[in-house]
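Asks: All chains should be modelled from the sequences, with the hints used to inform the complete structure.
As you go down the protein sequences, you meet chains A and B in turn. Sequential numbering from 1 applies to the first sequence in UniProt numbering. Sequential numbering from 1 applies to the second sequence in UniProt numbering.
Since the hints were made in silico from the structure, they are not lab data. It is possible that some hints are incorrect.
Unchecked claim - From the structure, some residues in chain B lie toward chain A, with a derived Cβ separation under 10 Å:
#: 1; residue: GLY52
#: 2; residue: GLY53
#: 3; residue: LEU54
#: 4; residue: TYR98
#: 5; residue: ARG136
#: 6; residue: ARG153
Stated by the list, open to error - Taking beta-carbon pairs under 8 Å as the criterion, some of the chain A residues facing chain B (in silico):
#: 7; residue: PRO37
#: 8; residue: ALA38
#: 9; residue: ASP86
#: 10; residue: GLU93
#: 11; residue: ARG262
#: 12; residue: GLU263
#: 13; residue: VAL266
#: 14; residue: GLY270
#: 15; residue: THR275
#: 16; residue: SER276
#: 17; residue: LEU277
#: 18; residue: GLY278
#: 19; residue: HIS280
#: 20; residue: SER323
#: 21; residue: SER324
#: 22; residue: GLU355
No residue lacks a Cβ here, since even glycine has one placed at the ideal position from N, Cα and C.
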Amino acid sequence: MTVRPVDPVPAGTPDASRPAGRLPRRGPARADAPARPAGLRTRWLLAGLVAVLVALVAGVSFGPVSLPPGSVAAELLNLLPGVHLDSGLTEREIAIVTELRLPRVVLGLLVGALLALAGGCYQGVFRNPLADPYLLGVAAGAGLAVTAAIVLGAGAGGALTGLPVTIPLAAFVGSLGAVAMTYLLGAAGGRDRSPATLILAGVAVSAFLAAGQTYLLQTHSDSLQQVYSWLLGRLSTAGWHDVLLVLPYFLLTAVVVLAHRRELDVLALGDDEATSLGLHPQRSRYLLIAAASLGTAAAVSASGLIGFVGIIVPHTVRLLAGSSHRVILPLSMLFGGAFLALTDVVARTAAAPAEIPIGVVTALLGGPFFVLILRTARGMRA
Amino acid sequence: MSAPAVDVRGLRVELGGSPVLAGVDLTVAVGEWVTVIGPNGAGKSTLLRAVGGLLPAPDAVSLFGTPIRALRRRDRARVVATVAQSPVVPAGMAVFDYVLLGRTPYMPPLGRESAADVAAVHEVLDRLDLGGFGRRELATLSGGERQRVFLARALAQGATLLLLDEPTSALDIGHQQEVLELVDQLRREHELTVLATMHDLSIAGEYADRLVLLADGRVAAAGPPAEVLTEELLARHYRAHVRVIPGPHGPHVVPLRRV
Numbered sequence: 001m002t003v004r005p006v007d008p009v010p011a012g013t014p015d016a017s018r019p020a021g022r023l024p025r026r027g028p029a030r031a032d033a034p035a036r037p038a039g040l041r042t043r044w045l046l047a048g049l050v051a052v053l054v055a056l057v058a059g060v061s062f063g064p065v066s067l068p069p070g071s072v073a074a075e076l077l078n079l080l081p082g083v084h085l086d087s088g089l090t091e092r093e094i095a096i097v098t099e100l101r102l103p104r105v106v107l108g109l110l111v112g113a114l115l116a117l118a119g120g121c122y123q124g125v126f127r128n129p130l131a132d133p134y135l136l137g138v139a140a141g142a143g144l145a146v147t148a149a150i151v152l153g154a155g156a157g158g159a160l161t162g163l164p165v166t167i168p169l170a171a172f173v174g175s176l177g178a179v180a181m182t183y184l185l186g187a188a189g190g191r192d193r194s195p196a197t198l199i200l201a202g203v204a205v206s207a208f209l210a211a212g213q214t215y216l217l218q219t220h221s222d223s224l225q226q227v228y229s230w231l232l233g234r235l236s237t238a239g240w241h242d243v244l245l246v247l248p249y250f251l252l253t254a255v256v257v258l259a260h261r262r263e264l265d266v267l268a269l270g271d272d273e274a275t276s277l278g279l280h281p282q283r284s285r286y287l288l289i290a291a292a293s294l295g296t297a298a299a300v301s302a303s304g305l306i307g308f309v310g311i312i313v314p315h316t317v318r319l320l321a322g323s324s325h326r327v328i329l330p331l332s333m334l335f336g337g338a339f340l341a342l343t344d345v346v347a348r349t350a351a352a353p354a355e356i357p358i359g360v361v362t363a364l365l366g367g368p369f370f371v372l373i374l375r376t377a378r379g380m381r382a
Numbered sequence: 001m002s003a004p005a006v007d008v009r010g011l012r013v014e015l016g017g018s019p020v021l022a023g024v025d026l027t028v029a030v031g032e033w034v035t036v037i038g039p040n041g042a043g044k045s046t047l048l049r050a051v052g053g054l055l056p057a058p059d060a061v062s063l064f065g066t067p068i069r070a071l072r073r074r075d076r077a078r079v080v081a082t083v084a085q086s087p088v089v090p091a092g093m094a095v096f097d098y099v100l101l102g103r104t105p106y107m108p109p110l111g112r113e114s115a116a117d118v119a120a121v122h123e124v125l126d127r128l129d130l131g132g133f134g135r136r137e138l139a140t141l142s143g144g145e146r147q148r149v150f151l152a153r154a155l156a157q158g159a160t161l162l163l164l165d166e167p168t169s170a171l172d173i174g175h176q177q178e179v180l181e182l183v184d185q186l187r188r189e190h191e192l193t194v195l196a197t198m199h200d201l202s203i204a205g206e207y208a209d210r211l212v213l214l215a216d217g218r219v220a221a222a223g224p225p226a227e228v229l230t231e232e233l234l235a236r237h238y239r240a241h242v243r244v245i246p247g248p249h250g251p252h253v254v255p256l257r258r259v
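Replies: Structure below.
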């Protein structure tokens, strides 16, 4: 008997470990087609891409000056190298498309994709359907830091708030600082660093920071409106500059999280089983949380706190297209981006010329939509 | 003489400051079926976790002659597969995808399954008469069917050492026998080694080559079922009042009410 554990050919049983080429033919008369691995089906990928394109054209077409969607589509195609179409738009209209609206729509796509991806990632990592990107203190940290920047900036005669980068920077630093605090607090639990410990640490850190923010607002009530308009989220000041700031974080987060999509399915079995299948669940979890938190912080610094996207988009995808993270994560990015870009159209046209905070619109539209999905998905399964 | 499948020497485990295992020795030969019995809290599951590499047990545990600390996780996962007492059943996951998770140690760390992995899963499903279940949602299966799927995942892992923690505790008596017969048949066909824990003493004795009685973190008795399942040992370590009746495949342990 020569069973060696580290044999490159999986030990022992020839037919359990080396099936290729010696498969017994399975019965020809099977009623249903053989099962295949859960994965992203082409039709869903196409649906996601179509949603993004629709959001792109609609987002650029609608606004104070409405442009014909066909011309907008032609003008967008003109941005591709080697394409020269006559869109029939004037110079000024072309400038509206490329300099004003397109960066805003693209930022909406990126932020929506990041929030939905981070939400889907957190839900998988924590095995908790209620997890959202703000779970570990991102919202409270950003809230406190932005409030402090506005309040102190006003106290310093507007010297600080005069700089356009101050508030995004404060939001970014505050978000990451809060997540770092949550990490440290969760790690203080010693060996027993279960996902629950981390969530509880996040709750404690959030409460602590929110208390600080409330105190600051109490004592500087003149800043309330400015702080709240930021808290409710907006894409309004987006130029290409904002897009370029978010892009590196977007790419990093997307690469790290998407690379782990199959591993997240294994983590769904629990840490013990993931370990016996050869993974390092703790290591993967911390890496994924770090990547998702970084992306969320970048999104928050660009657009404030936009709620709901990180919860409803991944769940909608899960209900409609499948529960594997190989499906949820890429589709959440596509539909999350499209959802936020379309929501932004409503936010800036429904009460024009005023803008409704986009966080209000995501919840107002997203809530009923999600209930509808819940009901129909249940009906489909029954 | 080849190295034993499992070799545990002086294993000590403390959980939360209190000793759970206080110097356990255990040897399981290749192809053998050993079942660990013992009262609640004796450390049965902890012993299994240590053998499966889920607890830090430096130097105390060797698998097939290799110290477990010398094995990389992926390599260990190709050698030993565990069926937990009540495995998590992820919502919405199909049987095929669940069993495919067993191929994880053969996939590149951030990569995906190969055609060989898919073929291996089809083969295991067919062997366990689960061929028609591939697309079914795992959560919708009955207890007996689920236990077969859990076994299928462990087999898909291609490991030759199978750790079964209370594999039948959730099953009725008929399904208990069905599952254990299946394990025994697979063991014979594929030279698997089985290390299990069980509560039902009669069933434990019928299927195991040897029993190990664990009490207070130590091995209180070990040997063929007839030597371990004695009225005297069970009275001492379980504080149970039983009658032991010899049977064709092992002793029957019948609980008696104290008068």
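Asks: Are the hints correct? Go through all of them and say.
Replies: We went through each hint and held it up to the structure:
Because the beta carbon of B:GLY52 sits about 6 Å from the nearest beta carbon in chain A, less than 10 Å, this interface hint is met. A distance limit of 10 Å between C-beta atoms decides the matter here; for B:GLY53 the minimum to chain A is near 7 Å, and the interface restraint holds. For B:LEU54, the interface hint holds, the least distance from its beta-carbon to any beta-carbon of chain A being 6 Å, beneath 10 Å. With a cut of 10 Å, the hint placing B:TYR98 at the interface with chain A holds, because the nearest CB-to-CB distance is about 9 Å.
The restraint placing B:ARG136 at the interface with chain A holds, with a minimum CB-CB distance near 9 Å, inside the 10 Å limit. For B:ARG153, the interface hint holds, since its Cβ comes within 10 Å of a Cβ in chain A; the closest pair sits about 9 Å apart. Interface hint at A:PRO37: satisfied, since its Cβ lies 6 Å from the closest Cβ of chain B, which is below the 8 Å cut-off. For A:ALA38, the interface hint holds, the least distance from its beta-carbon to any beta-carbon of chain B being 5 Å, beneath 8 Å.
The closest approach between the C-beta of A:ASP86 and any C-beta of chain B is roughly 45 Å, which is over the 8 Å cut-off, so the hint fails. Among the interface hints, the one on A:GLU93 is violated; its C-beta lies about 46 Å from the nearest C-beta in chain B, farther than the 8 Å criterion. For A:ARG262, the interface hint holds, the least distance from its beta-carbon to any beta-carbon of chain B being 6 Å, beneath 8 Å. For A:GLU263, the interface hint holds, the least distance from its beta-carbon to any beta-carbon of chain B being 7 Å, beneath 8 Å.
With its C-beta approaching chain B no nearer than about 6 Å, A:VAL266 sits inside the 8 Å limit, and its interface hint holds. Contact between A:GLY270 and chain B, as hinted, is supported at the beta carbon level, the nearest pair being about 5 Å apart and thus within 8 Å. At a threshold of 8 Å, the smallest CB-CB gap from A:THR275 to chain B is about 6 Å, leaving the interface hint in force. Nearest Cβ of chain B to the Cβ of A:SER276: about 5 Å, under the 8 Å cut. The hint holds.
At about 4 Å, the closest approach between the beta carbon of A:LEU277 and any beta carbon in chain B falls short of 8 Å, and the interface hint on this residue holds. With a least beta-carbon distance of about 3 Å to chain B, the hint placing A:GLY278 at the interface is held under the 8 Å criterion. Taken as an interface hint, A:HIS280 checks out: its beta carbon lies about 7 Å from the nearest beta carbon of chain B, inside 8 Å. Hint status for A:SER323: holds, given a least beta-carbon distance of 3 Å to chain B, under 8 Å.
The interface hint given for A:SER324 is met, as the beta carbon of that residue sits about 6 Å from the closest beta carbon of chain B, less than 8 Å. The closest approach between the C-beta of A:GLU355 and any C-beta of chain B is roughly 39 Å, which is over the 8 Å cut-off, so the hint fails.
Consistency note: the structure conflicts with the earlier hints numbered 9, 10 and 22.
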